[in-house]
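Trainee: Take a look at the letters that make up each chain.
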Amino acid sequence: MLYRENGQFKSSYRTDQQIFPILQDRVAIGLLLAAAFVLVPLLASNYLLTAIFIPFLILSLAALGLNILVGYCGQISLGTGAFMAVGAYAAYNFQVRIDGMPLVAALLLGGVASTVVGVLFGIPSLRIKGLYLAVATLAAQFFVDWACLRLKWVTNDSSSGSVSVAGLNVFGLPLTTPVQKYVFALAFLAVFALLAKNLVRGAIGREWMAIRDMDVAAAVIGIRPVYAKLTAFAVSSFIVGVAGGLWGFVHLGSWEPAAFNIDRSFQLLFMVIIGGLGSIMGSFFGAAFIVVLPIILDGLPYWFGIPIDTALASHLTFMIFGALIVFFLIVEPHGIARLWSTAKEKLRLWPFPH
Amino acid sequence: MSPRKIGEVILEVNNISLAFGGVKALTDISFDVREHEIRAIIGPNGAGKSSMLNCINGVYQPQVGSISLRGQVFKHMNSRDVALMGVARTFQNLALFKGMSVLDNIMAGRNLKMRANIFQQALRLGAAQREEAEQRLFVERIVDFLEIQPYRKTAVGKMPYGLQKRVDLGRALAMEPQVLLLDEPMAGMNVEEKQDMSRFILDVNDEFGTTIVLIEHDMGVVMDISDRVVVLDYGKKIGDGTPIEVRSNPDVISAYLGTSH
Amino acid sequence: MAFFLETLFGGLMVGMLYSLIALGFVLIYKASGVFNFAQGAMVLFAALAMARFYEWIPKWFGFDNKILANVLAFAAAVLVMICVAWVIERLVLRHLVNQEHITLLMATLGITYFLEGFGQTLFGSDIYKIDVGMPKDPIFVLEGMFQGGVLINKEDLYAAGVAAVLVALLALFFQKTATGRALRAVADDHQAAQSIGIPLGRIWIIVWSVAGFVALVAGVIWGSKLGVQFSLSLVALKALPVVILGGLTSVPGAIIGGLIIGMGEKLSEIYVGPMLGGGIEIWFAYVLALVFLLFRPQGLFGEKIIDRV
Chain A
1 MLYRENGQFK SSYRTDQQIF PILQDRVAIG LLLAAAFVLV PLLASNYLLT AIFIPFLILS
61 LAALGLNILV GYCGQISLGT GAFMAVGAYA AYNFQVRIDG MPLVAALLLG GVASTVVGVL
121 FGIPSLRIKG LYLAVATLAA QFFVDWACLR LKWVTNDSSS GSVSVAGLNV FGLPLTTPVQ
181 KYVFALAFLA VFALLAKNLV RGAIGREWMA IRDMDVAAAV IGIRPVYAKL TAFAVSSFIV
241 GVAGGLWGFV HLGSWEPAAF NIDRSFQLLF MVIIGGLGSI MGSFFGAAFI VVLPIILDGL
301 PYWFGIPIDT ALASHLTFMI FGALIVFFLI VEPHGIARLW STAKEKLRLW PFPH
Chain C
1 MSPRKIGEVI LEVNNISLAF GGVKALTDIS FDVREHEIRA IIGPNGAGKS SMLNCINGVY
61 QPQVGSISLR GQVFKHMNSR DVALMGVART FQNLALFKGM SVLDNIMAGR NLKMRANIFQ
121 QALRLGAAQR EEAEQRLFVE RIVDFLEIQP YRKTAVGKMP YGLQKRVDLG RALAMEPQVL
181 LLDEPMAGMN VEEKQDMSRF ILDVNDEFGT TIVLIEHDMG VVMDISDRVV VLDYGKKIGD
241 GTPIEVRSNP DVISAYLGTS H
Chain L
1 MAFFLETLFG GLMVGMLYSL IALGFVLIYK ASGVFNFAQG AMVLFAALAM ARFYEWIPKW
61 FGFDNKILAN VLAFAAAVLV MICVAWVIER LVLRHLVNQE HITLLMATLG ITYFLEGFGQ
121 TLFGSDIYKI DVGMPKDPIF VLEGMFQGGV LINKEDLYAA GVAAVLVALL ALFFQKTATG
181 RALRAVADDH QAAQSIGIPL GRIWIIVWSV AGFVALVAGV IWGSKLGVQF SLSLVALKAL
241 PVVILGGLTS VPGAIIGGLI IGMGEKLSEI YVGPMLGGGI EIWFAYVLAL VFLLFRPQGL
301 FGEKIIDRV
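Protein chains in written order, with the working numbering: chain A, 1 to 354; chain C, 1 to 261; chain L, 1 to 309.
Just chain A, same shape as in the assembly:
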């Protein structure tokens, strides 16, 4: 009843092709953005911001990048952690070695470095797919793990591979309190989400999805598989690299290669699967899910009065993640995003059954 599109006629293809063609959606997004930019910083505690919101924002960004590669273009990648690491360490190097390098520029350049590495490790995708490609991306993961630990120039001669940043500022404004960091990360996410959405609904997005769905037919209608796959790797690793930089600079402050290890890669893949492959929204759902679930599991014992020690809680988290992956793959391979859009479809008809 509330969600009907009655009376909303489009008189140009341009308006029909916009991101949120339904008025109610536009209103909802507007409210969401207002809440995100204004309400949350005002009302949320520093703990909430640091423990939930900031990691959620940055991991959403990384999941967004991964979703472009896996969900839209169908190229499996188990090396996302590595690309985050490249982005983080490259940004670090740019900042530390070049005097007066602005933070935003360092982060973006970190993304560019990640793009180069991403395209390089994306070359195997031109010849192999599926599980074989998964193993190839593992090579990227472990190689970068090693490089960040052992190649001195990567870590600016740190002996353990760990680096730290301090005294961050953006165009002169300080970036130290959780609120400031939150708004900074949110701004990045909002901009990148818009750019990504534009890409996936444009010509290149259709090329990516064509490659994913049937690459032989794609070649026959004139799509170049090489261009499509490599651009998917490039765009994906750029976004993931920037997310890596944000993770290191804004969330962690100081980090070592282990922050971007294979567990991180799996975590991001889980976000994308549970959240919804091939959906920008899905990346957010997945990130929210994966960030919030361990916190709920940790807190459950207190709320229900059942004592669970932390080790057991972490084992249970593993089990629940694993079970959920299998559950989603069987029941709703398109993840929470599909459940959401099905719910919206039903909402359009509500209160009528059909």
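Hints may contain errors.
Stated by the list, open to error - Straight-line Cα separation of at most 25 Å, SDA-like style, residue types lysine to any residue; simulated pairs:
#, chain 1, residue 1, chain 2, residue 2
1, A, K197, A, R224
2, C, K158, A, L33
3, C, K153, A, F20
In short, the hints are calculated from the structure, not lab data.
Since the structure of chain A is provided, determine the placement of chains C and L on it from the hints.
Mentor: Just chains C and L now, with coordinates in the frame of chain A:
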């Protein structure tokens, strides 16, 4: 049928031989196709018809022989180059992009004509925005032509088979091809659907002047709509001519019905 | 020279252990077309079961005999792995018949996480011992040829022997039995195999049980050498490059691939490592696999992959 002006030869298949390992799919096939005509390729199952189409459109590379389009000879060209030369095709098994809507599938066929680069697309201002709207207009004309307007935003995987076949045709048409290769466009259709599809094929040939090469099993359809026919059997050419000539060719008859007493 | 040979042998022995794990992969892939990412987790799970049953069974039944404890623990662990296979078939595989490979791969990723969490919940997350009475002392061979001889670990030799026997048995199983044939049919096409009456579910349980058994053997040997701990499943990840090298469908390939990777790792670490800063073992296997994937994706002995339109 309104008389169409059939032009000069625009597609020539010369001595094509194709083998997979030890299996000979095609042996020394030669025929030509004239501009604006509808050329059918027929033959019993396994005769090599789809393989022939795959050779023309660059999916398979024949070991021997060459193909020329408007005088341009190609022996080893990949599908994309062939697509750029103006050859489009549909698939026997519907190679549609199941995860995308009807509109997106057909828009994908317009990708060849789209010029905005990736950065322009990301920002979606000005040129990129205009281009999307222009291409959408073109695609909508195809949607109207194929009478699939109510389904334009439906995911292709959810549509009935007959309609999916139309989307396959629409995607090929989006490429504005000079030569359209149709691989069993009427497979699995009932009588009404076949009539609709025949009408579409004739209209495409009529309105856009597209040269059509089609593989088809339904003899009635072949006799009705094609100008000339090539007959293949076990990878060899056993007949070539107008439908009437081919129908009374004893080799063709025995290939389909077995040698008679 | 003696040092080179020692490194070589050491690498061969490690490689043999990788091969044992890779065997499980190949089995499951050959018979169900599934790339079982969870093989490593299965090794860990099996090893945990074995280690803990070895502790618990004497306490439950009140006896002291080590050999009896080992035998009973092994039997119990086999039963556990069969249960795991049954549960996986029932809850996961049955619902994903004829899905794309990517979906199945990701499902096994989910199974991995589940098994790792469940294993540690059930059996605990400390480091546990496995003691099946394997001699741990080193022996010296080729004393005639090289002064002082070449040092080899007896335990490793036994492991190699066990692996060899296992491989021979498995090869026979696949080639000579009707069940083996049915397994190969299933690997080719789930639905086609079903339509000629092959009981898909039962076949899968058999295969995953056998793979579970192989995982148990691998887990016992690894665990006996290194102790049973969580990192075992990470080591097992190395088996992935092994099967790429050897070919996903080849049992001898898994062995040879394992040996090559084991040797390659150790040799490259000693001779190439210092030039690059050391520690290249963590990526050597994967990069080698990557190179193979670019030039010969089917591996040394696998079947060529053809894409038909």
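Trainee: Next step is simple, just say for each hint if it's right about the structure.
Mentor: Hint-by-hint comparison with the structure:
no.	hint	verdict
1	A/K197 <-> A/R224	holds, 22 Å
2	C/K158 <-> A/L33	violated, 34 Å
3	C/K153 <-> A/F20	holds, 15 Å
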